[in-house]
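What follows is each chain in one-letter form.
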Amino acid sequence: MKQFKGFIYKEFLHVFRDKKTLLLLFGLPVIQILLFGFALTNEIKNARVAIIDDAKDLGSRQIIDKIEASQPLSISRFISANQIASTFKSGKIKMVVVIPPNFYENLMHEKAGKIQLILDASDPNTATTLASIAIGIIQSYTMDLQGETKLPLNIKLETRMLYNPSLQGSTNFVPGVMALVLLLICVLMTSVSIVREKENSTMELLLVAPFNPVIVILAKAVPYFMISLFNLIIILPLSVFVLDMKIMGSLTLLFAESTLLIVTALTLGLLISNIAATQQVAMVVSLMGMLLPTMLLTGFMFPIENMPLPLQFVSNLVPSKWYYIIIKNILIKGLGIEAVWKETLILAGMTLILLMLSIKNFKTRLA
Amino acid sequence: MNEIPVIQVRNLTKRFGTFTAVDNISFEVQKGEIFGFLGANGAGKTTAMRMLCGLSKPTEGEAIIAGFDIHKDTEKIKRSIGYMSQKFSLYEDLTVVENIQFFGGIYGLSKKEIQQRTPGLIEKLGLTAESDKLVSSLPLGWKQKLAFSVAIFHHPEIVFLDEPTGGVDPITRRQFWDLIYEASDNGITIFVTTHYMDEASYCHRITMMVDGVIKALDTPSNLKTQYHAASIDAVFFELARGAKRKAD
Amino acid sequence: MNTLLFLLQKECKQIFRNTLILRMIIAMPIVQLLVMPLAADYEIKNIEIAIVDEDRTALTSQLIQHITASGYFNLINYGTDYKKSIQLIENEKAVLVLHIPSGFEKHLQKEDNGTLFLAVNAINGMKANVGSAYLNQIIRAFNQELRLKTIVGQALPLMPVIEILPINWYNPLLNYRFFMVPGILVLLVTMIGSYMCALNIVKEKEIGTIEQINVSPVKKSYFILAKLIPFWIIGQFIFTLGLFGIARWVYGIIPQGNTLILYRFLSIYLVAILGIGLLISTYSENQQQAMSLTFFFMMIFILMGGLFTPIESMPDWAQWVARLNPVSYFIEVMRMVFSKGSQWDDLKNHVGIMTLFALFFNTWALINYKKTG
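Note that the protein sequences, when read in sequence, are chains Z, C and P. In this text, residue positions in the first sequence follow the numbering used here: the first is 1, and each later residue adds one. In this text, residue positions in the second sequence follow the numbering used here: the first is 1001, and each later residue adds one. In this text, residue positions in the third sequence follow the numbering used here: the first is 2001, and each later residue adds one.
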């Protein structure tokens, strides 16, 4: 036991002496939370649009005022039809609102008006959002015109937003960032650390010494385990105080499940370290092989249901996907173990399989 | 021996913050000499040598290496010297021949010259069968000999060797020193640091560094006489007893 | 000049001998480029809705028909048990649950008012928003239709209606892949370039061969050039593979604009990116440090690059950061050339800034990389 502690201490020294790695281990999670919290969103907050006003009447002025007054949109300039292409080419303006001649007259007399929205759909996401914002503004203008007219047969829709009444983005991504950070850092660090000893041949030294090699490996994992837990302790309060996120469920369960994911990640790192002969290989596999898949297949950036079936299947193999579901349920819905036992079991099962694979692999290499 | 020393060092000092690694050393080395820089680990040998090679800037002091000023003409110095470090510094993932060709090339040898000299070198080292094998496959002793030969491939005036014989058996070490003798006979000045005291007796003159200062500078036999010692080891013990700096 | 050739020869031999790594840095991006764009799709479709109809009249079934016929929704459950439907939200099987209370039609006809209840799983803010917006639209249209059908003969106050026609330029089918594939290719080339370059140099530091170079008359600039050039070539190769092999051949995505423009920009871009790798290597003593630093910066560059979330949505301070991010420029260039067919002149700004980046990073690295310590 004492030897074990000695090893752990040595590993901690390794880690903490390396300032640049510390930057990654502690800096990145914090920065990611801040970025996702404040900078990364699909909401349009301040989009500039151009107007082609061929009507120049009361109606068009009212619509233009409404657009200008709206928060997400602001009017950049007035252009003519032949300037659309050049406006788009510069890349700053993504929507042109076209009000045809006699707009107000048609609206009042024939009760039918037309407005065209020309969108730069090279970014389809922004285009769709801009269009729906514009549609919303125009429809509310229509309702303004209806004014006091009382209508028969009114169907009203009462909407209740569950779990996230203020429609904050943070509820969606904080669990995702937690998953991403824990998984990537643990896998990367553990695998590289073990392979480095292999490369430096200090591994042989350790293996030849009179104790169980398993202790050596475990000792490598422990500091990263603790650092990851510490990261959680930083991320959660940060999200609560800076991002106004509310923790609905049990903190204990949260930490317990996170511990499970950390162990999964560490085991994965172990497996990679078995297969990789050099640090370079370990790094490339951990980093490049895992970064994009984890980001995209966990389910917090893009909905998994939208993906083609084979990809949905693959996403089931990504441990962070299960963790994300579990954390969402605990953090945001405040549910307990009864709701997440299935996913927990899956995660635990993955860990066991990975562990068995690595141990087997490790033993065969020693033999 | 020539009149102008090929290495002239005066009051050379290197400080890292408040720590003085090399403290005001002065000496001269003649052409063709095998000059040994002895001392315990941490005494300042490597730091001193790195300054002479142009790898590190002196804090104070002067030096003329192969006729060039250490402060002003480091690039010219580099062209006239060879270097072999503790880690042997050959590319493990290149073959024997490729390493020779590469280092010959960056030292300015023409393709023709390289082609002419390479076979002789390989044969002399006994590496003909291994010439197309990766250096990583060579045993340690052969790597060392190869590294040395590569270091003098371009016929430099001086070759600096930093603890070149670590980790090999005495016979292999002896063979290595045969190569050094040969180079010295050909007019190459050898500047070698080591903490193997028996290698001291292979040198023409040696200095002993303790705590960054040169405590002795003479031929091995003179030193033994001076300190009434039977071996250089004993001389070293005598000088290093009061050393404040321990290894590393 | 000769020295440079010797250096290049050595670098190439070393890189190409390391077949495992070589295969990985080519295979991995290709696989990811194949697979990732399939995943990165923001389009909201097949929104899962459950409907609880306690009224079960002709009217309500008409309404439900309208909802299912709209094509936006996927009706996953239809029943009368409200509790069960809420469970569907809890299990995240449904995004929306529409509750039609009993007596709805009667109340509507008698009192001219009827209320429907909608519960939304708002965890995924976007889906919730879009889903409830669509449903609102459908119900309103249904409402209007109902009025027109029912009130016959009476003077129905006519309301003005504005028809809104959205027209999508450059990507009329709103194909997300057209947008994602070039972007992901940029990310991959960036990661590999900076990463491998940094690691490569640091490895020489770790092994000690860099000292051998430092002691020789090799010029700093030549040494660095010899490190950059092979990776520059590899970067071009991977880009080509991705552009023609995957984007064109697999996805059928062809740039509207001139492909040569892309390559010209890529050439400058690679110098900047490799410069970053170089810079990182001057601050690292071993591979782990190089890896940590590269990962740290790459993560930030990728997230702030404007690929996954638009730069226009960022607050001002973040937009400034994005402006300092070389990746965002290339992503924009890709988009502009691919979708809009922009010309070299349109990209003047981007080219200028990228050149500045390239000069900046490489100069800084060169200064840092001192042979004498």
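None of these hints come from the bench; they were simulated from the model. Where a beta carbon is used, it is the ideal one built from N, C-alpha and C, also for glycine. Watch out, some of these pointers could steer you wrong.
Claimed, not checked - Derived list of chain P stretches under chain Z, where covered just means 3 residues or more per stretch with a C-beta under 8 Å from a C-beta of chain Z:
| id | stretch |
| --- | --- |
| 1 | 2027 to 2036 |
| 2 | 2263 to 2273 |
| 3 | 2339 to 2346 |
To be verified - Keeping only pairs whose Cα atoms sit at most 27 Å apart, straight-line, the calculated DSSO-like set for lysine-lysine is:
| id | chain 1 | residue 1 | chain 2 | residue 2 |
| --- | --- | --- | --- | --- |
| 4 | P | 2110 | Z | 156 |
| 5 | C | 1057 | C | 1076 |
| 6 | P | 2205 | Z | 19 |
| 7 | Z | 114 | P | 2149 |
Within 27 Å, alpha carbon to alpha carbon, are residue 2110 of chain P and residue 156 of chain Z? It holds: about 15 Å lies between the C-alpha atoms, which stays within 27 Å.
Counting residues of the stretch 2263 to 2273 of chain P whose CB is closer than 8 Å to a CB in chain Z, do you get three or more? violated (count 0)
With a cut-off of 8 Å between beta carbons, are at least three residues of the stretch 2339 to 2346 of chain P near chain Z? holds (count 4)
Are residue 1057 of chain C and residue 1076 of chain C close enough, with their CA atoms no more than 27 Å apart? holds, 15 Å
Measure nothing beyond the straight line between the CA atoms of residue 114 of chain Z and residue 2149 of chain P; if it is 27 Å or shorter, mark the hint as holding. holds, 24 Å
Hinted pair residue 2205 of chain P and residue 19 of chain Z, Cα distance within 27 Å: Given that 27 Å is the threshold and the Cα spacing comes to 18 Å, the pair holds.
Are at least 3 residues of the stretch 2027 to 2036 of chain P within less than 8 Å of chain Z when you compare beta carbons? With 5 residues in contact (Cβ-Cβ under 8 Å with chain Z), the coverage given for the stretch 2027 to 2036 of chain P holds.
Hint 2 from the list above is the single one not met by this structure.
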